[in-house]
Amino acid sequence: MKFKDVSNKQLNEYFDGELNEKENLHVCGHVKNCPICMERLELFKKVSDLIEKMPKKNAPLGFTEKVLANLPEKPAAKAPFFRLPALNTLSYAAIFLMISASAVFFGSKHYFYKTVNVTFEIAMADASVVTLAGDFNNWNMYATALNDNENGVWSVTLPLKKGTYQYSIIVDGKKWYPDPQSEITINKKIKINVPTNIQTI
Amino acid sequence: MDQNNQKDNEDLFLIKEALEGNRDSFGLLVDKYKNSLFNLVYKYMGNSSDAQDICQDTFIKAYTHLNEYKINYKFSTWLFTIAANLSKNKLKRRKFIFFSIDKPIHTDEENIIAEPEDKTSNNDTFMLKLEQAGLVTEMLQSLPADYKIPFLLRHEENRSLEEIAQITNLSVGVVKIRIHRARMRLLKKYKEKL
Chain A
0 MKFKDVSNKQ
10 LNEYFDGELN
20 EKENLHVCGH
30 VKNCPICMER
40 LELFKKVSDL
50 IEKMPKKNAP
60 LGFTEKVLAN
70 LPEKPAAKAP
80 FFRLPALNTL
90 SYAAIFLMIS
100 ASAVFFGSKH
110 YFYKTVNVTF
120 EIAMADASVV
130 TLAGDFNNWN
140 MYATALNDNE
150 NGVWSVTLPL
160 KKGTYQYSII
170 VDGKKWYPDP
180 QSEITINKKI
190 KINVPTNIQT
200 I
Chain B
0 MDQNNQKDNE
10 DLFLIKEALE
20 GNRDSFGLLV
30 DKYKNSLFNL
40 VYKYMGNSSD
50 AQDICQDTFI
60 KAYTHLNEYK
70 INYKFSTWLF
80 TIAANLSKNK
90 LKRRKFIFFS
100 IDKPIHTDEE
110 NIIAEPEDKT
120 SNNDTFMLKL
130 EQAGLVTEML
140 QSLPADYKIP
150 FLLRHEENRS
160 LEEIAQITNL
170 SVGVVKIRIH
180 RARMRLLKKY
190 KEKL
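Respectively, the protein sequence lines represent chains A and B.
What the first sequence shows, in numbering that gives the first Met the number 0, is residues 0 to 200, in sequence order.
What the second sequence shows, in numbering that gives the first Met the number 0, is residues 0 to 193, in sequence order.
If you're looking for bench data, these hints aren't it; they were derived computationally from the structure.
Where hints are given, some of them may not hold.
Here are the simulated DSBU-like pairs of lysine-lysine, each with C-alpha atoms no more than 35 Å apart in a straight line [to be verified]: (1) Lys69/B / Lys187/A; (2) Lys55/A / Lys73/B; (3) Lys15/B / Lys44/A; (4) Lys52/A / Lys187/B; (5) Lys73/A / Lys188/B; (6) Lys188/B / Lys56/A; (7) Lys56/A / Lys187/B; (8) Lys89/B / Lys52/A.
Simulated restraints on C-beta separations [as the list claims (entries may be wrong)]: (9) Ile94/A / Gly45/B: 32 to 42 Å; (10) Val115/A / Asn168/B: 50 to 60 Å; (11) Asn66/B / Asn32/A: 35 to 45 Å.
Using N, Cα and C, we set each Cβ at its ideal position, and we do this for glycine too.
Using the sequences and the hints given, assemble the complete structure.
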């Protein structure tokens, strides 16, 4: 009878008695005719013997007493109040992702509350002082002055929180130019050109 | 089998008493398992002081979490599980400092070429010499940590593959492969020493 080659895995399983009857017979038959496998099996035995013949190490004297002296008062009566559930790595990865995602989400909420630059502009060539008053500066007509450029255009840029505001441009401290829509909603960087052909207050 | 059942029942009785606050009952459990646990951890860690720390922590942890012990495991299996985790953690922490202790784990099975049998005739004396020189310990310590626990549980404790799988939290298939690989590595080392 001819026996096919036997793998290291089969040889190990044969040694550990893990093969079924048919495989067992096959390996057994092979080993009888194969000096290499036979030698390897003998070495398996020697190595196992070496390990098993190692002297057993006993716990040192007074071990039990030491353990008893270090025991807590009594075993925990209930599971601790907060315990991480025994989840596999994948579940923890999922939780981690969820936390990161929500952090990004709530972080972006913070982003929405950030201020944006709003430029107020008015063409008023013959004015000498132009100021701006509105909800954002408690309607203080002296708080925010506009600067004029050479073309008679006055402008100022303010960092404002997103929201809806009422405002008015005040020219020379007496002519008020409110927003044509009476209020303006700000949600991004914007340049507001206040028309001068509207009725002043 | 009956004897085993009786042993397990005795453990359950002691556990019940310990849970009711009887520390002496727990002391009896410590007495019963301390030597096999110490022997195993000693051979895994390779030194007495680590083994002592880990065994002590194992029993303290077992006592603290005694109410979580499930009776479908043997008490000793549960103890070994705790000890295996503590030992692994200790080695892991140490790895950060002395990362050269463990050689990288080669997952491929090595090819071991058989040599002519000429030096092994005087085998018993050779084995004795190996033992005396602490070479067996050295051989064992050369095993990667992941292979050592299954191999030791199999050969020192004579545990079944299923029990080893429970203790190491691996599948039976992986346990089997690790035992095989550990054996092949030891065999290679043994040949080097010949």
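Hint check results:
1. Lys69/B / Lys187/A: Violated. Lys69/B to Lys187/A sits at ~61 Å, over the 35 Å cutoff.
2. Lys55/A / Lys73/B: OK: Lys55/A and Lys73/B at ~22 Å, within 35 Å.
3. Lys15/B / Lys44/A: Violated, at about 42 Å.
4. Lys52/A / Lys187/B: holds (19 Å)
5. Lys73/A / Lys188/B: violated (47 Å)
6. Lys188/B / Lys56/A: With Cα atoms ~23 Å apart, Lys188/B and Lys56/A stay inside 35 Å; holds.
7. Lys56/A / Lys187/B: holds (26 Å)
8. Lys89/B / Lys52/A: holds (27 Å)
9. Ile94/A / Gly45/B: 32 to 42 Å: holds (37 Å)
10. Val115/A / Asn168/B: 50 to 60 Å: For Val115/A and Asn168/B the Cβ distance comes to about 55 Å; the hint holds.
11. Asn66/B / Asn32/A: 35 to 45 Å: violated (58 Å)
Checked against the numbered hints above, the structure violates hints 1, 3, 5 and 11; every other hint is satisfied.
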